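There are 2 protein chains.
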Amino acid sequence: MSDELPSRLEAVETPALVVDLDRLEANLDRAAEYAARHGLQLRPHVKTHKSSFVAAAQLRRGARGLTCATPREAEVMAEECDDVLVAYPPIASPRARRLAALPPTARLTVALDSEQAATELARAARDARREVGVYVELDLGMHRVGVTSVDAAVALARHVSEIDGLRFDGIAFYPGHIREAMTDQDAKLEALEHTLARAMERFHDAGLPPRVVSGGSTPTMWRTHEVPSVTEMRPGTYVYNDRTTVTTGACTSEDCALTVLATVVSTSVSGQAVIDAGSKALGREPMRGPGEGFGQLLNHPDVIVERMSEEHGVLEFGGSAWRPNVGDVVQVVPNHVCVAVHLYDFVYGVRGGHLERGWPIEARGRGRGSA
Amino acid sequence: MSDELPSRLEAVETPALVVDLDRLEANLDRAAEYAARHGLQLRPHVKTHKSSFVAAAQLRRGARGLTCATPREAEVMAEECDDVLVAYPPIASPRARRLAALPPTARLTVALDSEQAATELARAARDARREVGVYVELDLGMHRVGVTSVDAAVALARHVSEIDGLRFDGIAFYPGHIREAMTDQDAKLEALEHTLARAMERFHDAGLPPRVVSGGSTPTMWRTHEVPSVTEMRPGTYVYNDRTTVTTGACTSEDCALTVLATVVSTSVSGQAVIDAGSKALGREPMRGPGEGFGQLLNHPDVIVERMSEEHGVLEFGGSAWRPNVGDVVQVVPNHVCVAVHLYDFVYGVRGGHLERGWPIEARGRGRGSA
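Keeping their order, the protein sequence lines are chains Z and H. Under this note's numbering, read the first sequence as residues 1219 to 1589, first letter to last. Under this note's numbering, read the second sequence as residues 1219 to 1589, first letter to last.
It cannot be assumed that every hint is accurate.
As the list claims (entries may be wrong) - Listed next, the stretches of chain H that the computed footprint assigns to chain Z, with coverage defined by at least 3 CB atoms under 8 angstroms from CB atoms of chain Z: (1) 1357-1364; (2) 1436-1445; (3) 1481-1494; (4) 1500-1514; (5) 1523-1529; (6) 1552-1566.
No wet-lab data here; the hints were simulated from the structure. None of these values were measured; they are calculated from a predicted model. All C-beta atoms, glycine included, are put in the ideal place defined by N, C-alpha and C.
Chain Z with its partners taken away, still in its complex shape (with noise of 0.2 angstroms):
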């Protein structure tokens, strides 16, 4: 295939991804005002778009670092950015060896939970000659990962801060129980403050004060400033949005920034119309409610993926009057974004209805050596 990009939308070859730069400028712009006002520091999660390129444009924005899942992310993203969190255990030798193997010039901090994930970091930085940061990764009522009481995570945070090759640097959590909409929060942030002002005390008293406390997500973000023990937040949906966050009220349809550019291929079936995008190209995330499929259509808000296939769609048209012709392209917007960006290899980015530029989503990709 040319390796130029295509003069116009239409002729980019289906499925693929599209941004609209315009929108995803103004979500990176909106999150960094937001976290300058209230003095917080942000440290967007990569996993959303997985590219350099929007990296660079959350740093030039004034992110005051980035956090990555996988070890894949860190690598990329240290060729990026001076200063990168691992929010993920870093359990598995050669997960931690090929963190402690990053650029020596880049800050790592490491998010972790148990003594084990502590003790193979550690080695993995003294036979890599450097010190990593870590945060202690405490449990606030998602029940994923993360130490379950204060007294265990002050224990964990003792033994860090005992150990050659790592630092005590805060602690971390991440509000997933909290997917309310931003209105209907109220109760669980002030739960969530009350805890963490609590187990702050705890680490004072134990001579071990963190000097960060990191939370933070897309649903709960605008509301970041209303928890005040937190002073870093991670959001990672925020620059492109989706479905499900136009539902929590952390953005409106408009501000959804990246679409499945996908083709009609059959309309044989009466009532209905196929798309070439299916849970191979969106990704088979449920929304809350029944019925309401794995995608929308930018255009026609009533018309929804309403079932897949591998490489199927079908499209429903509820309340709309429109009817597709074969060979249609149509943007659909999915329900969770970052399971669909993993799903490929490239986006396009436009403004104004122009392709203005494309990049490599570099950070994605499972196999040999690229967890």
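Dock chain H against the given chain Z, drawing on the hints supplied.
For chain H alone, kept in the frame of chain Z given last:
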């Protein structure tokens, strides 16, 4: 990273795809023997494995050719095989043009369901100075793609037979509406044969006898001979199998050849363990029943991946007494193997617990010119 294959499975960086070579070969042998015994042409769908290595093994065992969905699959497989079927509407001109640009040594057939698709494909075929075979796709109950009346199918076949660049070769269907257990398929298989036999009569009467009747899918594959009109079968999943295939009875759990290798990264939250395989490593493909999770441990079948984030899978122990330690490595049988494979770039092949070889998943990938 080193290009050397690790010597032990435990040294593979997780998450990773692992294929049991004995099971893979037994699955391939069984299908080849079944097709030969019943005089059926086997044209496996490569969407499941997307790998030249597995395609070559299918062809060595007598597969008539290969079935593909995407242009990239067709381009990769045309290097291995001189008889490629693209079972996907060739809509949007780059798609038809990429197919027509396959090596002229490859016999190319395309399944389609609209005059517009035939017209676009014919133009691309003529521009490439080749003839492309066509299967007219019928909807026999799945209601995805396919012409819905026999009259319309005959008319489309006539259009194909009269247009320069195309050759009418037969009819195709996908029995995706038959997802019952094998033993419960009688009524639907009988209805299928009844419809096909009547359609065949009409094609014969119209002077357009289909040379090929192409059907088949993994859930129905072992009963294909009970639908005597069918001459060619196109199963995909059977090479690896998965939890869903087990529920249909088309394989046993001992025939599941592919697992996702994962590491236990946290046991902080009591009553569960967290592995490094989430929705970006397993796919979020549901089983039929609720509470069945997104994957099952190969060696502890009571233990399922009960919920997932992008990079976390939460194991629920069910009736199992097994309790893992942080760092333990497990193998997860995915619900839907085709979607899991699409997330990776490389497969590790093991035999008797030893890593024997690995191979790339060349035909995956979505991006610039690679859909």
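Now for the hints, and whether the structure bears them out:
Restraint check on the stretch 1357-1364 of chain H versus chain Z: 5 residues with Cβ-Cβ distances below 8 angstroms, three needed, restraint holds. Judged by the Cβ-Cβ criterion of 8 angstroms, the stretch 1436-1445 of chain H is not covered by chain Z as claimed, because only 0 of its residues qualify and three are needed. Requiring three or more residues with a Cβ within less than 8 angstroms of a Cβ of chain Z, the coverage given for the stretch 1481-1494 of chain H holds, as 11 such residues are present. Check result for the stretch 1500-1514 of chain H against chain Z: holds, 4 residues qualifying (beta carbon to beta carbon below 8 angstroms, three or more required).
Counting residues of the stretch 1523-1529 of chain H whose CB lies closer than 8 angstroms to any CB of chain Z gives 3, so the stated coverage by that chain holds, three being the minimum. Counting residues of the stretch 1552-1566 of chain H whose beta carbon lies closer than 8 angstroms to any beta carbon of chain Z gives 7, which reaches the threshold of three, so the coverage claim holds.
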